[in-house]
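Student: Chain by chain, the residues:
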Amino acid sequence: MKLHSRHLLGLEGMSKDELTLILDTAVSFREILDRPIKKVPPLQGKTVVNLFFESSTRTRISFELAERRLSADVVSFTAAASSVSKGETLKDTARNIEAMKIDMVVVRHAAPGSAHFLSKVVDANVINAGDGGHEHPTQGLLDMYTLREKFGALEGLRVCIVGDITHSRVARSNIYGLLTMGAEVSVCGPETLIPRELGKFGVQVYHHLEEVIPKVDALNVLRVQLERQKSGLFPSMREYHRFFGVTKEKVSRAPKPITIMHPGPINRDVELSADLADSEHSVILQQVTNGVAIRMAVLYLLGTTN
Amino acid sequence: MKLHSRHLLGLEGMSKDELTLILDTAVSFREILDRPIKKVPPLQGKTVVNLFFESSTRTRISFELAERRLSADVVSFTAAASSVSKGETLKDTARNIEAMKIDMVVVRHAAPGSAHFLSKVVDANVINAGDGGHEHPTQGLLDMYTLREKFGALEGLRVCIVGDITHSRVARSNIYGLLTMGAEVSVCGPETLIPRELGKFGVQVYHHLEEVIPKVDALNVLRVQLERQKSGLFPSMREYHRFFGVTKEKVSRAPKPITIMHPGPINRDVELSADLADSEHSVILQQVTNGVAIRMAVLYLLGTTN
Amino acid sequence: MKLHSRHLLGLEGMSKDELTLILDTAVSFREILDRPIKKVPPLQGKTVVNLFFESSTRTRISFELAERRLSADVVSFTAAASSVSKGETLKDTARNIEAMKIDMVVVRHAAPGSAHFLSKVVDANVINAGDGGHEHPTQGLLDMYTLREKFGALEGLRVCIVGDITHSRVARSNIYGLLTMGAEVSVCGPETLIPRELGKFGVQVYHHLEEVIPKVDALNVLRVQLERQKSGLFPSMREYHRFFGVTKEKVSRAPKPITIMHPGPINRDVELSADLADSEHSVILQQVTNGVAIRMAVLYLLGTTN
Numbered sequence: 001m002k003l004h005s006r007h008l009l010g011l012e013g014m015s016k017d018e019l020t021l022i023l024d025t026a027v028s029f030r031e032i033l034d035r036p037i038k039k040v041p042p043l044q045g046k047t048v049v050n051l052f053f054e055s056s057t058r059t060r061i062s063f064e065l066a067e068r069r070l071s072a073d074v075v076s077f078t079a080a081a082s083s084v085s086k087g088e089t090l091k092d093t094a095r096n097i098e099a100m101k102i103d104m105v106v107v108r109h110a111a112p113g114s115a116h117f118l119s120k121v122v123d124a125n126v127i128n129a130g131d132g133g134h135e136h137p138t139q140g141l142l143d144m145y146t147l148r149e150k151f152g153a154l155e156g157l158r159v160c161i162v163g164d165i166t167h168s169r170v171a172r173s174n175i176y177g178l179l180t181m182g183a184e185v186s187v188c189g190p191e192t193l194i195p196r197e198l199g200k201f202g203v204q205v206y207h208h209l210e211e212v213i214p215k216v217d218a219l220n221v222l223r224v225q226l227e228r229q230k231s232g233l234f235p236s237m238r239e240y241h242r243f244f245g246v247t248k249e250k251v252s253r254a255p256k257p258i259t260i261m262h263p264g265p266i267n268r269d270v271e272l273s274a275d276l277a278d279s280e281h282s283v284i285l286q287q288v289t290n291g292v293a294i295r296m297a298v299l300y301l302l303g304t305t306n
Numbered sequence: 001m002k003l004h005s006r007h008l009l010g011l012e013g014m015s016k017d018e019l020t021l022i023l024d025t026a027v028s029f030r031e032i033l034d035r036p037i038k039k040v041p042p043l044q045g046k047t048v049v050n051l052f053f054e055s056s057t058r059t060r061i062s063f064e065l066a067e068r069r070l071s072a073d074v075v076s077f078t079a080a081a082s083s084v085s086k087g088e089t090l091k092d093t094a095r096n097i098e099a100m101k102i103d104m105v106v107v108r109h110a111a112p113g114s115a116h117f118l119s120k121v122v123d124a125n126v127i128n129a130g131d132g133g134h135e136h137p138t139q140g141l142l143d144m145y146t147l148r149e150k151f152g153a154l155e156g157l158r159v160c161i162v163g164d165i166t167h168s169r170v171a172r173s174n175i176y177g178l179l180t181m182g183a184e185v186s187v188c189g190p191e192t193l194i195p196r197e198l199g200k201f202g203v204q205v206y207h208h209l210e211e212v213i214p215k216v217d218a219l220n221v222l223r224v225q226l227e228r229q230k231s232g233l234f235p236s237m238r239e240y241h242r243f244f245g246v247t248k249e250k251v252s253r254a255p256k257p258i259t260i261m262h263p264g265p266i267n268r269d270v271e272l273s274a275d276l277a278d279s280e281h282s283v284i285l286q287q288v289t290n291g292v293a294i295r296m297a298v299l300y301l302l303g304t305t306n
Numbered sequence: 001m002k003l004h005s006r007h008l009l010g011l012e013g014m015s016k017d018e019l020t021l022i023l024d025t026a027v028s029f030r031e032i033l034d035r036p037i038k039k040v041p042p043l044q045g046k047t048v049v050n051l052f053f054e055s056s057t058r059t060r061i062s063f064e065l066a067e068r069r070l071s072a073d074v075v076s077f078t079a080a081a082s083s084v085s086k087g088e089t090l091k092d093t094a095r096n097i098e099a100m101k102i103d104m105v106v107v108r109h110a111a112p113g114s115a116h117f118l119s120k121v122v123d124a125n126v127i128n129a130g131d132g133g134h135e136h137p138t139q140g141l142l143d144m145y146t147l148r149e150k151f152g153a154l155e156g157l158r159v160c161i162v163g164d165i166t167h168s169r170v171a172r173s174n175i176y177g178l179l180t181m182g183a184e185v186s187v188c189g190p191e192t193l194i195p196r197e198l199g200k201f202g203v204q205v206y207h208h209l210e211e212v213i214p215k216v217d218a219l220n221v222l223r224v225q226l227e228r229q230k231s232g233l234f235p236s237m238r239e240y241h242r243f244f245g246v247t248k249e250k251v252s253r254a255p256k257p258i259t260i261m262h263p264g265p266i267n268r269d270v271e272l273s274a275d276l277a278d279s280e281h282s283v284i285l286q287q288v289t290n291g292v293a294i295r296m297a298v299l300y301l302l303g304t305t306n
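Chains as they are written, first to last, in the working numbering: chain P, 1 to 306; chain Z, 1 to 306; chain R, 1 to 306.
If you are wondering where the hints come from, they were derived from the structure by calculation, not from laboratory data. Predicted, not measured: the structure shown is a model, and the values here were computed from it. Heads up, a few of these hints could be off.
In this list, chains with the same sequence are indistinguishable; a pair is considered to hold if it fits within one copy or across any two.
Straight-line distance between alpha carbons at most 30 Å, and here's what the computed DSBU-like set of lysine-lysine pairs gives [as the list claims (entries may be wrong)]:
#1 K39 <-> K2
#2 K150 <-> K91
#3 K91 <-> K2
#4 K150 <-> K250
With the hints as extra help, turn the sequences into a complete structure.
Tutor: Structure representation (C-alpha cells):
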C-alpha cells in the first residue's frame with residue numbers, strides 16, 4: 001500500500017485508504033517523539049527545501065523538525081530574504097531550485113493552486129504547506145489524527161468547524177478529510193463567511209453556536225484573521241466574540257464535554273476564551289505534537305516509496 | 001557534580017562550585033575548537049531551538065555553532081519572519097514549540113524575566129541568551145572565562161565595568177558572577193546610568209575613569225546603545241567619548257597594562273578607541289572564541305546531565 | 001596539483017591549469033548530483049559560514065546545498081537579521097566570526113573588494129559569492145563548465161555577453177575566465193554600459209545584436225537590474241528590449257543555433273524572451289545544476305587541500 005500521488009497537494013480526492021495509511025504511519029513517528037533520541041535515518045542524503053512565501057512560525061518549524069528527525073538535509077527559504085523581491089516568478093524559482101537536484105519541496109504561498117502548479121513543473125515531491133484559501137493538508141491530517149487519538153475512530157464523529165469558513169484552507173482540508181473518513185461535519189459562522197454551496201457536500205451549516213454545541217463531539221475553532229477586518233465581511237471583534245467566540249459558558253450547555261481544537265496561533269478571548277484553550281478538554285497542544293508526527297509520516301511516505 | 005537547575009537563566013544565585021564547573025567544562029571544549037575537526041557527539045539526536053526575538057549576529061551564530069559542534073539538531077527562529085507578527089504571545093509560542101518535543105530552548109527577548117517565564121511553562125531546558133536589561137549569563141561566563149584564562153584566577157582580581165550599567169544585562173551577569181568568584185568589582189559611568197543600590201552589593205562606584213584606572217586589572221567596556229540617546233539620560237556622543245570613552249591615552253596612566261574587554265559589537269572611537277580595541281592588551285577576540293566554548297559547556301551540562 | 005591561493009576571490013589572475021582543475025573536479029561532483037544519495041563526507045566537522053549582505057535566493061541556496069552535500073556544518077547569516085543594523089563594520093563582523101573558529105567563509109557584499117579585504121583579516125578560506133560590480137567567480141566557473149559540457153572545450157569558442165557590462169560582476173568573471181581558457185569573448189550592449197578600456201583586454205565590443213549574432217556560438221544574457229533604471233544610463237525597458245532583448249526572431253538570423261545562457265533570475269521578455277529561455281537551445285537550468293557542482297568543487301579544493 002502506498003499513496004496514489006507523488007505529491008501531497010490537498011485532501012480533496014484522497015481515498016479513505018490513503019488517509020488511513022498516513023494516519024497509521026504517523027502513529028509510529030508519534031512514538032519516536034517520546035524517545036530521548038528522536039532521530040531516524042530514512043531520508044539520509046535526501047534534500048528538502050522549505051519555500052515559505054508567507055511567514056509562519058509553527059508550520060515551518062514543525063516541517064523543519066520533521067525533516068531533520070528523518071535525517072534529511074534541509075534548506076529553508078523565506079520570501080523576505082530572497083530574489084522574489086527581484087520579481088522572479090514562482091515558476092522560475094521552482095525550476096531553479098529543482099535544477100539544484102532537490103528531492104522534496106515544502107511550499108507555502110498566498111496563491112491558491114500554487115502547490116499544484118509547482119508539482120507540474122518540478123520533478124521533486126511537492127508538499128503543500130498552505131496555498132492561499134485552498135488547502136493545508138497536513139493541518140487537516142493532524143486534526144484528524146488528534147481526533148482519532150482522542151475518540152478511537154473518525155467514523156460517525158461529529159465535528160463542527162467554527163469561524164470564517166470561506167477563506168480558510170484549514171476548514172477545507174478538514175472538511176474533505178473528515179467527510180471521506182465518515183465523520184459528520186458541520187460549520188458555524190457568520191452568513192457572510194460561509195460559502196453557499198457547502199450544503200451540497202453534506203456539511204451542515206449553522207449560524208448560532210448555541211444551536212450546534214449540543215450536537216457535536218468536537219469544535220475546531222478557526223483563527224480570526226484580524227487583518228481581514230477591513231474587508232467589510234467581518235463584524236467587529238467585540239461582536240464576533242459575542243456571537244462566535246467559543247467560551248466555557250457556551251460549551252457548558254452541551255450534554256457532555258466538548259473537545260476543543262484550534263490550528264493556532266490563538267487570538268485569546270477573541271475566537272476562543274483563554275480558560276477553555278488551557279482546559280482539560282483542549283487538545284490544542286496535542287495537535288502541535290501530532291503535527292510533527294504527521295509531517296514525518298508524509299515526508300517518509302513520499303520520500304521513500306513514491 | 002552537576003548544576004543545581006535544569007536551566008541557565010542568570011548568574012544571580014549560582015554558587016561558586018557551579019560557576020567553576022561551567023568554566024572547567026568549557027576548558028575541554030575550548031581545546032576542541034583548536035582541532036581540525038571540531039565536532040563531538042554528546043547532543044546527537046537532541047533538538048535545540050533558538051528563539052531570537054531581538055536581532056543578534058554574534059550571539060545567535062555562537063550558539064548555533066556550539067549546538068552543531070555538539071551534534072544537536074538546530075532550528076532557528078527570528079522574530080521578523082514569525083507568527084509573533086500575528087500577535088502570538090510568548091507563552092503560546094513557547095508552548096507550541098515545546099509541544100514539538102524540543103529538548104532545549106535558547107531565548108533572547110526584550111522583556112526582563114522572559115527566560116524565567118519560559119522555564120516555568122516548558123519542559124525543555126531553557127538557556128537565557130539575554131532578557132532585556134536583566135541578565136545575559138553566557139556573556140558573563142565567557143567574560144569570566146577570558147579573565148581566568150588571562151590571569152589564572154578570578155579571586156581578588158580587580159575588574160571595572162564601564163558604561164551604562166543601569167540598562168546592561170552584560171553588567172548584571174558580570175557583577176553577580178564575579179562577586180561570587182571573589183573578584184573585586186567596580187563600575188564607572190555617568191551618574192544617570194548607574195543604579196543607586198549598587199553599593200549594597202559590594203560594588204565600588206566611580207564616575208571618573210581617571211580615578212578607577214590606576215586601581216584595576218581589567219576594564220570591561222560596555223557598548224553604548226546609540227538608540228538610547230534620545231532617552232535624555234545620555235550625554236552627547238562627543239561628551240560621552242570625552243568622559244567615558246576608553247582610550248590609549250587614558251589607560252596609559254595606569255601603573256601596569258590594563259586588559260581590555262568588550263562584549264561587542266564595538267562602536268569604535270565612541271566607548272572604546274579603535275587602537276586600543278586592536279592592541280595587544282585587548283582580549284576581545286578571545287572573548288568571542290571562548291563564547292563558543294562556554295556555550296558548548298552550558299549546552300552539554302544541561303543537555304546531558306540535567 | 002592544487003590551487004595557488006587559499007581563497008577564491010576572483011577569476012582574474014587564475015591560471016588555465018587552476019581553472020581546469022576546478023572544472024575537472026566539478027565533473028565528479030556533477031555525477032554525484034544524479035545519484036539518489038547526494039551526500040559525501042569530505043568536509044565533515046568543518047564549519048562554513050555564509051555571510052550574505054545582499055539578498056539572494058539561488059546563490060545562497062546553491063552554496064548551502066553544496067556545503068551540506070559535502071557534510072559541512074553550515075551557519076547562514078543575512079544582513080537584515082543581524083548586528084550589521086547596529087552599525088558593526090564588515091571588519092568587526094569578519095573578525096568576530098573568525099574568532100568562532102570558522103573554517104570557511106562565503107561572502108556576498110555590495111562593496112567591490114570586500115571578499116579580498118576579508119581574506120586579509122581572517123584565517124578562514126574566503127569564497128567570493130559576489131562583491132559589488134567586481135567579480136562573482138563561481139558564476140563565471142559554472143558558466144564555463146556549462147559551455148565546456150555543451151561544446152567539449154572552451155578553446156576557440158565564441159561567446160558574447162549581452163547587457164550592462166560596466167556594472168556586472170558576472171561579466172567580469174566570465175571575461176577573465178574565458179579569455180584565460182582561450183575562448184573568443186565579445187560583449188554587446190548600449191554604449192553607456194560598456195567600459196571603454198575593454199578593447200585592451202582582447203574583447204570585441206558590439207552595440208548591435210544583429211551584428212554579433214552571426215559570429216558566436218553562445219550568448220550569455222545578463223539580467224537587467226531594473227533598480228538601475230533611474231541612473232539615467234539606461235534606456236527605457238521598452239527600448240532596451242527592442243535593441244538588446246534577445247529573442248527567437250533575432251537569433252534565428254544566425255547560421256546555426258546559438259546556445260542561450262542567463263545567470264538568473266530572468267526578467268522574462270525584457271532582456272530575454274520567455275520562449276527562448278525555455279527552448280531547447282537554452283542551458284539556463286543546466287547552469288543552475290552545474291552551479292552546485294562547481295561550488296562543491298571549490299569548497300572541496302579549498303577546504304581539504306588548501
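Student: Please go over all the hints and tell whether each is borne out by the structure.
Tutor: Right, here's what the structure says about each hint:
1. With identical chains, the CA atoms of K39 and K2 are at most 30 Å apart both within one copy (23 Å) and between copies (27 Å).
2. Taking the shortest Cα distances, K150 and K91 sit within 30 Å of each other only across copies (25 Å), while inside one copy they are farther apart (41 Å).
3. When the C-alpha separation of K91 and K2 is checked against a cutoff of 30 Å, the pair qualifies only within one copy, where the shortest distance is 29 Å, while the shortest distance between copies is 39 Å.
4. With identical chains, the CA atoms of K150 and K250 are at most 30 Å apart within one copy only, with a shortest distance of 22 Å there and 66 Å across copies.
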